[in-house]
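Residue numbers (my numbering), protein chains in the order written: chain E, -10 to 95; chain F, 24 to 499.
No wet-lab data here; the hints were simulated from the structure.
Glycine included, each C-beta is placed from N, C-alpha and C at the ideal position.
Keep in mind that the hints are not guaranteed to be accurate.
As the list claims (entries may be wrong) - Computed far set for chain F versus chain E, every beta-carbon distance over 12 Å: (1) ASP48; (2) ARG193; (3) PHE194; (4) PRO224; (5) THR260; (6) MET276; (7) VAL288; (8) ILE328; (9) GLY329; (10) SER341; (11) LYS365.
Said to hold, decoys possible - Derived contacts from chain F toward chain E, CB cut-off under 10 Å, selection only: (12) LEU41; (13) ALA60; (14) ALA265; (15) TYR449; (16) GLN450; (17) ASN453; (18) MET480; (19) PHE482; (20) GLY483.
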Amino acid sequence: MEWSLQDLPTLINSVLPHLYLLLLAVFLGIEVIGRVPQVLHTPLMSGSNALSGVVVVGSILLVGKAEQAPWPVLVLGCLSLVLATVNVVGGFAVTGRMLNMFRKKK
Amino acid sequence: METLMEVGYLVALVCFVLGIKGMSDPATSNRGNLVLALGMGLAVLVTLFLPGLSNLPYILGSLVLGSVVGLRMSGQAKMTEMPQMVSLLNGFGGLAAALVALAEVVDLLYGEGLLRLLTQTSGMGSMGSYYLVFYIVTLMISLSVGGISFTGSVFAMAKLDGKVSGQPIRFPMQGLATNGLLFAQVLLIVGMILAPTYAEPMVYLLFVLSLVYGVLFVMPIGGADMPVVISFLNSLTGLTAATTGLLFDNRAMLMGGVLVGASGVYLTVLMCKAMNRTLGAVLLGQFNASGGGAGREMNGQIREIGTYDAAVLLAYSSRVVVVPGYGMAVAQAQHPMHELEKLLVSKGVQCRYAIHPVAGRMPGHMNVLLTEADVSYDLLMEMEAINPEFPQTDVVVVVGANDVVNPAAETDPGSPVYGMPILKAYQAKNIIVIKRSMAAGYAGVENELFYDPKTRMLFGDAKAVLSELIQAVKGL
Chain E
-10 MEWSLQDLPT LINSVLPHLY LLLLAVFLGI EVIGRVPQVL HTPLMSGSNA
40 LSGVVVVGSI LLVGKAEQAP WPVLVLGCLS LVLATVNVVG GFAVTGRMLN
90 MFRKKK
Chain F
24 METLMEVGYL VALVCFVLGI KGMSDPATSN RGNLVLALGM GLAVLVTLFL
74 PGLSNLPYIL GSLVLGSVVG LRMSGQAKMT EMPQMVSLLN GFGGLAAALV
124 ALAEVVDLLY GEGLLRLLTQ TSGMGSMGSY YLVFYIVTLM ISLSVGGISF
174 TGSVFAMAKL DGKVSGQPIR FPMQGLATNG LLFAQVLLIV GMILAPTYAE
224 PMVYLLFVLS LVYGVLFVMP IGGADMPVVI SFLNSLTGLT AATTGLLFDN
274 RAMLMGGVLV GASGVYLTVL MCKAMNRTLG AVLLGQFNAS GGGAGREMNG
324 QIREIGTYDA AVLLAYSSRV VVVPGYGMAV AQAQHPMHEL EKLLVSKGVQ
374 CRYAIHPVAG RMPGHMNVLL TEADVSYDLL MEMEAINPEF PQTDVVVVVG
424 ANDVVNPAAE TDPGSPVYGM PILKAYQAKN IIVIKRSMAA GYAGVENELF
474 YDPKTRMLFG DAKAVLSELI QAVKGL
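Construct the complete structure from the given sequences, taking the supplied hints into account.
Right, dumping it as structure tokens:
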């Protein structure tokens, strides 16, 4: 590997736009739940748990490119895909069940 | 086509933001959840149509299998077990991220991954080197944090379930061992970059260490703090989704992960605030470390009350406040509680519920449990609203709650619960405590409210006791 400090400004310049996006997403993540009432803490946590299963996209991409990859990649990929799907589907279903109880009462 | 994909991901991301926003308001929470699920479905669909995706039968098969298992699991879980359920699901998400990272490593070492990566970075000079280092670090964070989130969540679930003692587990040099393990993981990642020849064993060692660390991390934290831990681990899983998004250069995953990570940490802080604790104190397990007051001898004596006397007391008072706790939910006593409340209301008694922010096992958990039993939403009073009214309350009925009404939180600086805001039940004219036995609460602290001269104890299983009370009130 080669290293030179001359490229450092280029590096920073290439990273900065991403950093802007990430920082904005962090603020958005905080702002968007800013005034959540205590009653909704558990459902919200459950919902965002389901959302963190978005890694399912990564599992799909992994299995999808595992054509030429060694077989353990396919096995690990499928396993992670199943787990992530359980996380997503189970998460949203559980959240829905919790929230339905609130709706019944208006 | 590619453009359409990117637009699809963008729409999915907008759904994520609007969904979370919707979920933080009771009026729109149900729609919010649907919008979230819709966004996720869109993200998956878009990914399935990416050009050059092979192994489609495997992908669809896994998706179907996962969906079936997920639906069955969520359908079978009882409402009292929701926190465990969320924890387990979160563990699955963490493990999924770790396995993706592990598979990437295998592809790098034995497949064409490394070749692809080197071709990509060749000719980039030191920028290529920077990129390689960035890639390795991101990959290893995915692997390690995913592993921590997995074993941590599973261990937290076991603690909530009572399969492992809810008490903090301590052993000599624990802090050193736990922090050392974290430090060792950082060293391993640095080592991989400096000595790539030995990278393979280091990767596997890192994964094993992260699994052990997850358990050690949750070990010293008391059962009462588990919701905070689960919420924290949840945001860690969000972080791994973000790093996986970086690896695959996928914006939906990256932004979705960051969104969950940020809101997860903030939600964790909100939960801590409700308990008047700092996140640091919870994560370091300080709750019980300073528990000098836990073993304090209680003065005074316990006074019991019979079902009939209790029924008379309740039926002839004008204001009754019920303080429900997890014990009520475990005994499945919310239905008889609701029946008793209706009965009292029909006799002209004002009857409401005082909900402590952390009643149950998670903030908001008690509301879910009570609304499940058809209790009207208007009768559920938050702590700030009900606390000024306790002096005018004739009877407070404490059902399966303990720490949330412990006056030591206000009076005894030596008590582990000191500083936690409580329901000021001790200010009421009469207090009836329905309790299985004199055992200490979840925090393992004695409660002097039980020794208060105004307090009467009604021992027994909450469900049985409440059913007897209903009969007694009916017979008056």
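When the least beta-carbon distance from TYR449 of chain F to chain E is tested against 10 Å, hint result = 22 Å, violated
message = Confirm or reject: VAL288 of chain F is not an interface residue toward chain E, with every Cβ-Cβ distance exceeding 12 Å.
response = 8 Å, violated
task = Run the C-beta distances from PHE194 of chain F to all of chain E and say if the shortest one exceeds 12 Å.
result = Correct as stated: the minimum Cβ-Cβ distance to chain E is 30 Å, above 12 Å.
query = For MET276 of chain F, which was marked as not at the interface, is the minimum beta-carbon distance to chain E over 12 Å?
reply = 5 Å, violated
inquiry  = Verify this label for me: GLY329 of chain F is non-interface relative to chain E, using a Cβ-Cβ cutoff of 12 Å.
reply    = 34 Å, holds
message = Hint ALA265 of chain F vs chain E: min CB-CB distance below 10 Å?
response = At about 8 Å, which falls below the 10 Å cut-off, the nearest Cβ of chain E leaves the hint on ALA265 of chain F intact, so it holds.
inquiry  = Can you verify the interface hint for ALA60 of chain F: is its Cβ closer than 10 Å to any Cβ in chain E?
reply    = 4 Å, holds
key: Interface restraint verdict for GLN450 of chain F against chain E (beta-carbon cut-off 10 Å)   = Status violated, d = 22 Å.
task = Find the nearest Cβ of chain E to the Cβ of PRO224 of chain F and say whether that gap is larger than 12 Å.
result = 16 Å, holds
message = For the restraint on PHE482 of chain F, tell me whether the closest CB of chain E is nearer than 10 Å.
response = Hint on PHE482 of chain F: violated, closest Cβ of chain E at ~30 Å, above 10 Å.
inquiry  = Under 10 Å is the threshold here; is the Cβ of GLY483 of chain F close enough to any Cβ of chain E for the hint to stand?
reply    = 28 Å, violated
ask   = In terms of Cβ atoms, is chain E entirely out of 12 Å range of LYS365 of chain F?
value = 15 Å, holds
In this structure, the hints that do not hold are numbers 1, 5, 6, 7, 15, 16, 17, 18, 19 and 20, in rising order.
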